[in-house]
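Q: So the chains spell out like this:
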Amino acid sequence: MGKTFAEKALGRAAGHPVSANEVVTVEPDFCVSHDNTGPISRTFKKIGVKRVWKPERLVVILDHGVPAPSSEHAVNHKEAREFMKEQSAPHFYDVSSESGVCHQKFPEDGFALPGQIVIGSDSHTCTYGAFGTFATGIGRTEMAAAWATGGIWLKVPESVKITATGALKPGVSAKDFILKVIGDVKSDGADYMSVEFHGDGIENMSVSERMTLCNMGIEMGAKNAVCEPDRKVLDFINGKEKSSDWEILWADPDAAYARELKYDLGGIVPGVAKPHTVDNYAPIGEVKGRKIDQVFIGTCTNGRLDDLRAAAAILKGRRVAVRTIVIPASWNIYRGAMRDGTLDTLLDAGCIVCNPGCGPCLGAHMGALAPGEVCVSAANRNFKGRMGDKESFIYLASPRTTAASALTGAITDPREA
Amino acid sequence: MKIKGRVWKYGDDVNTDVIFAGKYTYTVKERSEMAKHALEDLDPDFAKNAAPGDIIVAGKNWGCGSSREQAAICLKKRGVGAIIARGFARIHYRNCLNEGLPIIVSSEIQALVEKGDEIEIDFGTGEITAGGKKIKFPPYPEFVLGLVNDGGLIPHVKKSLNRGAPPRKGTGPLDHLRRLR
Numbered sequence: 001m002g003k004t005f006a007e008k009a010l011g012r013a014a015g016h017p018v019s020a021n022e023v024v025t026v027e028p029d030f031c032v033s034h035d036n037t038g039p040i041s042r043t044f045k046k047i048g049v050k051r052v053w054k055p056e057r058l059v060v061i062l063d064h065g066v067p068a069p070s071s072e073h074a075v076n077h078k079e080a081r082e083f084m085k086e087q088s089a090p091h092f093y094d095v096s097s098e099s100g101v102c103h104q105k106f107p108e109d110g111f112a113l114p115g116q117i118v119i120g121s122d123s124h125t126c127t128y129g130a131f132g133t134f135a136t137g138i139g140r141t142e143m144a145a146a147w148a149t150g151g152i153w154l155k156v157p158e159s160v161k162i163t164a165t166g167a168l169k170p171g172v173s174a175k176d177f178i179l180k181v182i183g184d185v186k187s188d189g190a191d192y193m194s195v196e197f198h199g200d201g202i203e204n205m206s207v208s209e210r211m212t213l214c215n216m217g218i219e220m221g222a223k224n225a226v227c228e229p230d231r232k233v234l235d236f237i238n239g240k241e242k243s244s245d246w247e248i249l250w251a252d253p254d255a256a257y258a259r260e261l262k263y264d265l266g267g268i269v270p271g272v273a274k275p276h277t278v279d280n281y282a283p284i285g286e287v288k289g290r291k292i293d294q295v296f297i298g299t300c301t302n303g304r305l306d307d308l309r310a311a312a313a314i315l316k317g318r319r320v321a322v323r324t325i326v327i328p329a330s331w332n333i334y335r336g337a338m339r340d341g342t343l344d345t346l347l348d349a350g351c352i353v354c355n356p357g358c359g360p361c362l363g364a365h366m367g368a369l370a371p372g373e374v375c376v377s378a379a380n381r382n383f384k385g386r387m388g389d390k391e392s393f394i395y396l397a398s399p400r401t402t403a404a405s406a407l408t409g410a411i412t413d414p415r416e417a
Numbered sequence: 001m002k003i004k005g006r007v008w009k010y011g012d013d014v015n016t017d018v019i020f021a022g023k024y025t026y027t028v029k030e031r032s033e034m035a036k037h038a039l040e041d042l043d044p045d046f047a048k049n050a051a052p053g054d055i056i057v058a059g060k061n062w063g064c065g066s067s068r069e070q071a072a073i074c075l076k077k078r079g080v081g082a083i084i085a086r087g088f089a090r091i092h093y094r095n096c097l098n099e100g101l102p103i104i105v106s107s108e109i110q111a112l113v114e115k116g117d118e119i120e121i122d123f124g125t126g127e128i129t130a131g132g133k134k135i136k137f138p139p140y141p142e143f144v145l146g147l148v149n150d151g152g153l154i155p156h157v158k159k160s161l162n163r164g165a166p167p168r169k170g171t172g173p174l175d176h177l178r179r180l181r
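Sequence lines, in order, name chains A and Y.
All the letters of the first sequence, read from the start, carry residue numbers 1 to 417 under this note's numbering.
All the letters of the second sequence, read from the start, carry residue numbers 1 to 181 under this note's numbering.
Keep in mind that a hint or two might mislead.
To be verified - Restricting the straight-line Cα-Cα distance to at most 25 Å, the calculated cross-link-like pairs of lysine-lysine (BS3-like) are:
(1) Lys36/Y with Lys390/A
(2) Lys158/Y with Lys133/Y
(3) Lys36/Y with Lys4/Y
(4) Lys9/Y with Lys384/A
(5) Lys158/Y with Lys155/A
Stated by the list, open to error - Derived, one-sided and incomplete: chain Y residues facing chain A with beta-carbon distance under 10 Å:
(6) Asn15
(7) Val18
(8) Tyr26
(9) Thr27
(10) Val28
(11) Lys29
(12) Cys64
(13) Gly65
(14) Ser66
(15) Arg90
(16) Ile91
(17) Asn95
(18) Gly152
(19) Leu153
(20) Lys158
(21) Leu161
Worth flagging that the hints you see were computed from the coordinates, not collected in a lab.
Note that the Cβ used here is the ideal one computed from N, Cα and C, for glycine as well.
For reference, chain A alone in the conformation it holds in the complex (with noise of 0.2 Å):
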């Protein structure tokens, strides 16, 4: 019986070959964190222990709100510097230019890296299993407790495997894909589980899509999603990894799994999740027409250049109907599309474009809503009261769909844009 890729990248960590079920403690290869870091350097303190077991395995990278919006979230800024520079922890990333979300900047620079395991105080920190890593998301206490002692435990999870054949259709995109297999899996449908991506489909999407799919694995449980590491994959690690010791990690071909799931996609179809949970799918054609207040496009599932030239395509030469939020998801993707003319366009649009960082994703600035108003969104949950007041709702779109409800006021086909 082979091995499925949590298994293989577990059993590497433990130093012995590991089959899921079993319980394993492993030292992470990186420990990423945000703004909770002044929280976690609180109970870090508590421990009674004073280094971090090895200052450079800690990332941290503000962007839940920056720049602060309030003294509170300033209060913790300032202690997340203190503490990084109190350990001589070498990766601190703080409110500039050479920052963005830290699910984006944390590949972007190297450290999602194959057959590594990451922990981080996040639960998108799935998202660089689109680089073949194995990253999952903790608890503060739990960061906390790795800090002082170099360990965590982890249950070796089952994998379901999810292959996806074909192309997507010109207009649709990974994310719709996504949602799909959300609304189908269920929210809990891979609770603990590892979500492994498989088939052509996915080897012939880029490494944003990937990290679209990944990222969003944790809206249905999962502990973590890989994608194959590939060319695309080395190509893009080439000469900023931050550390040597990764391996390339696959599952074998004979590997048990809990579940299978099959999708061709030259069958999918533009879609959204209605409010207020991610896996009520629905296909474009069933809720077009909606009426809506606000459209967001950015963060770490979708903030990347190519999501911000798609919607810069839909929107070029036309004017937004209701008011639109683009935060690209780094200064380095901020600077890309200043230089390639997409911040042109979608300002031209009518669109305002914002300094990257998580911004209203989770309703703290940027862009709240009022009782009763209707937003469309390219972001990652639409839970009652995320983006502001719990009266309000979110639709969760791709890049596209949101640029073409932005023109009309209204849910729309991006196909029919």
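Position chain Y against the provided structure of chain A, taking the given hints into account.
A: Using the frame of chain A, we list chain Y on its own:
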């Protein structure tokens, strides 16, 4: 350990945003303050009227969504004695145990109780008593029991580090200390 309390009953997929809203994650820092916002966007009555030891009974996938630990802390600090659900989302599951908040997976209890019913949980025998009926639940693995008994992960780590000696085999979460030290 025995816990007795009144039931607060909820449905499936209760997510961390409605347990503890994102807008408070960086503004509400005191643990006791967090308790005041527990379940605010789902059931505003809860934070007002819950009594110490009350027990939450829920459907599948309790605590899905964000990794925010405040979702576990606010319930613990509001006095929740235990959560019984058909299933828990993974990160929240770990967060509850790391906070020393006992959680139980059971599919039978939901049909037997309504809001306000008094039930009792006996962790020693692995039994829930509800309306004269007894429901069995699987006992915690030894290392999880250690975490909960010590009051959560931080006291547990402190205790192990202070002891100076590597923990016994089978104590799970801290096995790695043996390897590193």
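Q: Does each hint fit the structure? Answer for all of them.
A: Hint by hint, here is what the structure shows:
no. : hint                   : in the structure
1   : Lys36/Y with Lys390/A  : holds (17 Å)
2   : Lys158/Y with Lys133/Y : violated (40 Å)
3   : Lys36/Y with Lys4/Y    : holds (22 Å)
4   : Lys9/Y with Lys384/A   : holds (19 Å)
5   : Lys158/Y with Lys155/A : holds (23 Å)
6   : Asn15                  : holds (5 Å)
7   : Val18                  : holds (6 Å)
8   : Tyr26                  : holds (5 Å)
9   : Thr27                  : holds (4 Å)
10  : Val28                  : holds (8 Å)
11  : Lys29                  : holds (7 Å)
12  : Cys64                  : holds (5 Å)
13  : Gly65                  : holds (6 Å)
14  : Ser66                  : holds (5 Å)
15  : Arg90                  : holds (5 Å)
16  : Ile91                  : holds (5 Å)
17  : Asn95                  : holds (4 Å)
18  : Gly152                 : holds (7 Å)
19  : Leu153                 : holds (5 Å)
20  : Lys158                 : holds (6 Å)
21  : Leu161                 : holds (7 Å)
When held up to the earlier numbered hints, the structure conflicts with hint 2 and nothing else.
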